[in-house]
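**Q** With the hints as constraints, model all of the structure from the sequences given.
Number of protein chains: 2
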Amino acid sequence: VKVAILGIGLVGGSIGLAARGRAGAHVCGYDPDPAARGLALELGAIDEEAPDIATAVADAGVVFAAAPVGVLAQTVLQALASAGSDCVISDVGSTKLALDSARRDPRFVGGHPLAGAETSGVTHAREGLFEGATWYLTPTSSTEEVLYTRLRDLIERFGARPVAIEPDAHDRLMARVSHLPHVLANVLVTEAAAIERAGGTGPSFRDATRVAGANTAVWTDIYLANRDALIAAIDETVGRLAEVRAMLEAGDARAISEWNEQARIDREALLGPDSKD
Amino acid sequence: VKVAILGIGLVGGSIGLAARGRAGAHVCGYDPDPAARGLALELGAIDEEAPDIATAVADAGVVFAAAPVGVLAQTVLQALASAGSDCVISDVGSTKLALDSARRDPRFVGGHPLAGAETSGVTHAREGLFEGATWYLTPTSSTEEVLYTRLRDLIERFGARPVAIEPDAHDRLMARVSHLPHVLANVLVTEAAAIERAGGTGPSFRDATRVAGANTAVWTDIYLANRDALIAAIDETVGRLAEVRAMLEAGDARAISEWNEQARIDREALLGPDSKD
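For the record, the sequence lines run as chains A and B. For the first sequence, position 227 matches number 372 in our numbering, and the numbering has no gaps at all. For the second sequence, position 46 matches number 191 in our numbering, and the numbering has no gaps at all.
Hints are not guaranteed to be accurate.
Said to hold, decoys possible - Pairwise CB distance ranges (calculated):
id, chain 1, residue 1, chain 2, residue 2, range
1, A, Glu276, B, Pro177, 37 to 47 Å
2, A, Asp245, B, Glu276, 44 to 54 Å
3, A, Ala309, B, Val308, 46 to 56 Å
4, A, Glu276, B, Glu301, 37 to 47 Å
5, A, Arg302, B, Val308, 47 to 57 Å
6, B, Pro179, A, Asp373, 55 to 65 Å
7, A, Thr264, B, Ala398, 19 to 29 Å
8, B, Ala199, A, Glu388, 35 to 45 Å
9, B, Glu403, A, Ala226, 48 to 58 Å
10, B, Glu394, A, Ala387, 15 to 25 Å
11, A, Arg302, B, Glu276, 55 to 65 Å
Don't read these hints as lab results, they were simulated from the structure. Bear in mind the structure is a predicted one, so any value in this text is a computation, not a measurement. Even for Gly, the Cβ is constructed at its ideal location relative to N, Cα and C.
**A** What follows is the structure in structure tokens.
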């Protein structure tokens, strides 16, 4: 199968490496930056480069649009316009509602692998990036079954776990498990910086703020693309903080204890019991 | 020098290992749990065990009270009552204002190493736990200089970086860099759990919530011991979240961009430029 990758950064490059290394695919890559294409060739992330989207997707059986959120919709629409009927087009964007018009095409299946993040660029790409990762897919009732199966099988070859989800459920979930953690990381560093620039912070702060100030160009688009769900998540956070504040103000050790214990249970349910290691 | 350790868990045990391995000290350990004392002997964290605090601190030149926050004050006061005049008594508690009365004794210097956290118990203790870590100390104008120097030198032998700080500045700082991250981690898992118990979360969520539901007994005491500073930090967080919400609501890409960029700058100032690795 020929796989086309549109946008060759960390995720696009890793898809190329995995498609070549784990699925024996022939990979054709397009990126608006010719230097990124050359680098991808050198690093073995693609077999050949294409000068434009139409050339990249010609004869492809699977297309991954891995462009930044800000240009993702137009990339997907161009791919749909150029690709043949026996081709499944997917993307790797962090929000899924934004690609509303593409979802009406039976060849399109939105996707989002939960991998990568704090580094960027094809130089950080690696074949095993998706190993064990959840890879959300948003098929609809009009999706061509054979194309969906082809995409899902390929993703499994990458070592990922494909999970079907509704686009709006996906976006609400991402607001909680990705976009809100980024917002809170930013808030944490800003508050700490306001009172201390030299002293120590410790491991909990380092981990909690690992994603603070993540790639600004990328994340401004993500925050805005999912702003409704993110606003809802912020409102919920403010409500929960008010509850914690009330427990502290009352000096209610039992309530604080129960709240903390529930968090332990919740984390285990979400991430598994061995997640503290 | 003889070092006494009162409370042999992760931090106490690691102090024992570091004092023996890096400073050639003779270490005597007390813990209310005889099993913990036996385990500490087996693991080489202490040279001898003591059946009570008075025995442990007899003839000691340095005492570390490493008991949980809830019983820390009484442990320190008992140590001060039993120790000789040529002995420096310190602690490793997460808040420093709570030990107000002890601070009037010229032999007492409050302390707090920024290390350890998500595991507990002497079985997780290790000699290198404090390597490169900031170790806050709260000497006062009445502190005996020679005793303070002895403590500071020993801590440097552990590989840590001693930093003098005012107790209230310490507690405000900890509210921001440790206690608030714990609160937000708890809030994050609770929100995510409310909408999803099975699906994937991704690396930013895993890191942001690493400390969620940390040892409930320990953390209930910490939250309450520092509740004034923590309430202030929560109020500040709510204010900052309101600002982010307004930017999102207005769809203000430029403001979001600047805010995220400032977070990147703040994080670098706090944790250094290589902190994304």
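**Q** A separate judgement is required for each hint: does it hold in the structure or not?
**A** For each hint, the structure was consulted:
1. Glu276/A with Pro177/B: 37 to 47 Å: Holds: the Cβ-Cβ distance is about 46 Å, inside 37 to 47 Å.
2. Asp245/A with Glu276/B: 44 to 54 Å: holds, 52 Å
3. Ala309/A with Val308/B: 46 to 56 Å: holds, 52 Å
4. Glu276/A with Glu301/B: 37 to 47 Å: holds, 42 Å
5. Arg302/A with Val308/B: 47 to 57 Å: holds, 52 Å
6. Pro179/B with Asp373/A: 55 to 65 Å: Roughly 58 Å apart at Cβ, these two residues keep to the hinted range, so it holds.
7. Thr264/A with Ala398/B: 19 to 29 Å: Cβ of threonine 264/A to Cβ of alanine 398/B: about 24 Å, so the range 19 to 29 Å holds.
8. Ala199/B with Glu388/A: 35 to 45 Å: Check passed, 44 Å falls within 35 to 45 Å.
9. Glu403/B with Ala226/A: 48 to 58 Å: violated, 36 Å
10. Glu394/B with Ala387/A: 15 to 25 Å: The hinted range 15 to 25 Å holds for glutamate 394/B and alanine 387/A, with Cβ atoms some 20 Å apart.
11. Arg302/A with Glu276/B: 55 to 65 Å: Between arginine 302/A and glutamate 276/B, where Cβ atoms are some 42 Å apart, the hint is violated.
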